[in-house]
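*Asks:* Take a look at the letters that make up each chain.
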Amino acid sequence: MSEIKTIGVAGCGTMGAGIAIVAARAGFRTVVYDTRQEALDKSLQQTRDFFAKSVQRGKMTEEKMAAAVDKLVVTTSLDGMGECDLVIDAVFEDLKVKHDLFTRLDKVCPSHTIFASNTSTLSITEIAAGSGRDDRFVGMHFCLPAQLMKLVEMSPGLNTTEETFTKAWAACEAMGQRPVKTKDNPGFILNYFLIPYNNDAIRLVEAGVAAPADIDRAIKEGLGYPMGPLELLDLIGLDTQLLLCEAMYGITNEPRAACPPLVKRMIAAGHLGRKSGRGFYTYEGNAMFGS
Amino acid sequence: MTYSIIDTGNSRSFPTTHPLLEGASGEGDVILLIGEKAGEALAKVVNADHKAAILIELGSECLGEHTGESRAGEGSNILGFARFRLGDGDPSNLVELVRQPNTPESAINAAKAILEGAGLKVAVCFDFAGRIIDRLVRPYYNAALRRLDEGLATADDMDLTLKLGLGYPEGPIALLERTGLAHHFDVTQAMFDAYGESPYAPARRARVAKARAQKKAG
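Chains A and B, in that order, are what the protein sequence lines are.
Numbering follows my numbering, in which position 106 of the first sequence is assigned residue number 106; successive positions increment by one, without gaps.
Numbering follows my numbering, in which position 116 of the second sequence is assigned residue number 116; successive positions increment by one, without gaps.
In case anyone wonders, no lab produced these hints; they're calculated from the structure.
Note that the coordinates shown come from a computational prediction; the quantities given were computed from them, not determined experimentally.
Every residue, glycine too, gets a C-beta built ideally from N, C-alpha and C.
Be a bit skeptical, because a hint or two may be false.
Ranges between beta-carbon positions, derived for each pair [claimed, not checked]:
1) A211/B with G270/A: 49 to 55 Å
2) V208/B with A207/A: 30 to 36 Å
3) R203/A with N102/B: 46 to 52 Å
4) T103/A with E150/B: 31 to 37 Å
5) N102/B with A207/A: 17 to 23 Å
Computed list of lysine-lysine pairs in PhoX-like fashion (alpha-carbon distance at most 25 Å, straight line) [as the list claims (entries may be wrong)]:
6) K150/A with K183/A
7) K150/A with K53/A
8) K150/A with K64/A
9) K5/A with K96/A
10) K59/A with K5/A
11) K220/A with K216/B
12) K64/A with K42/A
13) K112/B with K220/A
14) K42/A with K275/A
15) K71/A with K59/A
16) K5/A with K64/A
17) K163/B with K181/A
18) K150/A with K42/A
19) K150/A with K71/A
20) K121/B with K183/A
21) K163/B with K59/A
22) K53/A with K71/A
23) K163/B with K150/A
24) K59/A with K42/A
25) K163/B with K220/A
26) K5/A with K150/A
Produce the entire structure from the sequences given, and follow the hints as far as they go.
*Replies:* This is how it looks when you write it as structure tokens:
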């Protein structure tokens, strides 16, 4: 197997675009694939803007920026992924969509290419099972926003070889990230703890233990967390929390992962969080008012 | 607003000197009962009805045990409070202030004025076992201990993940080691008794730590 020089990113939503920035910034030739040309154009523009800001802040030199931009290519053709040594999937969190992508990638990519998935809740072993190369498949979960967060949760599937995992781990470190090893477990480490904890906070509101602002203040002041759970939920979005819960509860049957009924009522009422201007708090511009 | 303190000794909220203790006067509009037997000292308060607020330091018990309860109509000028503190760690700056359904706003505001005046932050909650923070973090700490047994990741990687990924100042395993796993057992056992729900049941590693501590104490 040859060493990893070219990294492919499939899907250029927020996550994929961020991963592409990480790879190109570290000097990898980076190929970003998406079926939507306008999404690719937008992400290229955002990448340039991000690098320009990095230069302004003195975190990157002009030369490095030019080199990084140079390393990045975008394509709407899957054939463009044929030269990649590692392909990271950042497409929609749906097992069928991912199986379809990897089945096609398996035909395009040489046998040494390692496949990775940035899934946050699906099973790596299950995604790998439909890839045609489950021995050369790893979980590689970046945190949002990938270009600012160092952490990557890496997990082998049941059939992943030691060699594949070691090579993907080395590539992750070469990207300047901090990998941690975890099992192929729904939510890996971060979401495995966060989703039930956030649900517990919603249940405290439901049970009338305290108001959202009091709960958030207690957690921030008492424990030194940067955000309270209800502020965080407003940022994540209640609709997203519902999807995360359904995915995690569907696999684990863990009662704390089950979505509290209040979430569905809030979604029905349009209280999605920051994006709709109201969640556990109401928002006007950037100001926050406790509700 | 002035306040006086009745100190029954061994306060978990105020183990050392603090501006709140120093600012007390002989006779006050608000009375603070602190220490292990704070609840029992309620009987010593004279003219209780005429005080703006009376604050009882709570352990793991409910305020209602000292004030009585009545068809969700309970509530008077008597409130409960506890400064949040993990095990043997230093007390935080956060005070959980316990009210009841009919506690008048004037009493809550008087209590807040005294506590905030001494530089503390206040979160108001109703009278439930574990109040806010313990109810939220103990199931998470238990989950971390159980995941460690299941080999989800190493203790260091688990701690690092939560620090890097969520900005927590300390990971759960290091935090429990620092503040005392046996204390985590005591808190979770009390909450498990109260709620009977498995997320509160003390994790195996906390149970082991408690048993070892008891053995050592003879």
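*Asks:* Please go over all the hints and tell whether each is borne out by the structure.
*Replies:* The hints, checked one at a time:
1. Distance hint for A211/B and G270/A: a CB-CB separation of about 52 Å, consistent with the stated range 49 to 55 Å.
2. A beta carbon spacing of about 32 Å between V208/B and A207/A agrees with the range 30 to 36 Å that was offered as a hint.
3. Between R203/A and N102/B the beta carbon distance is about 24 Å. The supplied range of 46 to 52 Å is therefore violated.
4. Taken as a hint, the range 31 to 37 Å holds for the pair T103/A and E150/B, whose Cβ atoms sit roughly 32 Å apart.
5. For the pair N102/B and A207/A, the supplied restraint of 17 to 23 Å holds, since their beta-carbon distance comes to about 18 Å.
6. A hinted pair counts as satisfied when its Cα atoms are at most 25 Å apart, and K150/A with K183/A qualifies at roughly 19 Å.
7. A C-alpha spacing of about 18 Å is found between K150/A and K53/A, which places the hinted pair at or below 25 Å, so the restraint holds.
8. Under the criterion of a C-alpha separation no larger than 25 Å, the hint pairing K150/A with K64/A is consistent with the structure, at around 19 Å.
9. Restraint check: the Cα-Cα separation between K5/A and K96/A comes to about 29 Å, which exceeds 25 Å; the hinted pair is violated.
10. Restraint check: the Cα-Cα separation between K59/A and K5/A comes to about 24 Å, which is no more than 25 Å; the hinted pair holds.
11. Note on K220/A and K216/B: the hinted pairing is violated, with a Cα-Cα distance of about 36 Å set against a maximum of 25 Å.
12. For a cut-off of 25 Å, the pair hint linking K64/A to K42/A stands: about 21 Å separates their Cα positions.
13. The hinted pair formed by K112/B and K220/A meets the criterion: a straight-line CA distance of about 18 Å does not exceed 25 Å.
14. Between K42/A and K275/A the CA atoms are separated by roughly 20 Å; this keeps the pair inside 25 Å, and the hint holds.
15. Taking the CA atoms of K71/A and K59/A, the gap is about 18 Å. The hint holds against a cut of 25 Å.
16. Annotation: proposed proximity of K5/A to K64/A holds, straight-line Cα distance about 17 Å (limit 25 Å).
17. For the hint pairing K163/B with K181/A, the CA-to-CA distance comes to about 15 Å; that is within 25 Å, so the pair holds.
18. Restraint check for K150/A and K42/A: the C-alpha separation of about 24 Å stays at or below 25 Å, so the hint holds.
19. Simply put, K150/A and K71/A have alpha-carbon atoms about 21 Å apart, close enough for the 25 Å limit, and the pair holds.
20. Between the alpha carbons of K121/B and K183/A the distance comes to roughly 40 Å, so the proposed pair goes past 25 Å and is violated.
21. With a CA separation close to 23 Å, the supplied pair K163/B and K59/A stays within the 25 Å bound.
22. Under the criterion of a C-alpha separation no larger than 25 Å, the hint pairing K53/A with K71/A is consistent with the structure, at around 18 Å.
23. Annotation: proposed proximity of K163/B to K150/A holds, straight-line Cα distance about 11 Å (limit 25 Å).
24. Restraint check for K59/A and K42/A: the C-alpha separation of about 23 Å stays at or below 25 Å, so the hint holds.
25. Distance restraint check for K163/B and K220/A: the Cα-Cα separation of roughly 14 Å lies within the 25 Å cut-off, and the hinted pair is therefore satisfied.
26. A C-alpha spacing of about 20 Å is found between K5/A and K150/A, which places the hinted pair at or below 25 Å, so the restraint holds.
The structure fails to meet hints 3, 9, 11, 20 from the earlier list, while all remaining hints are met.
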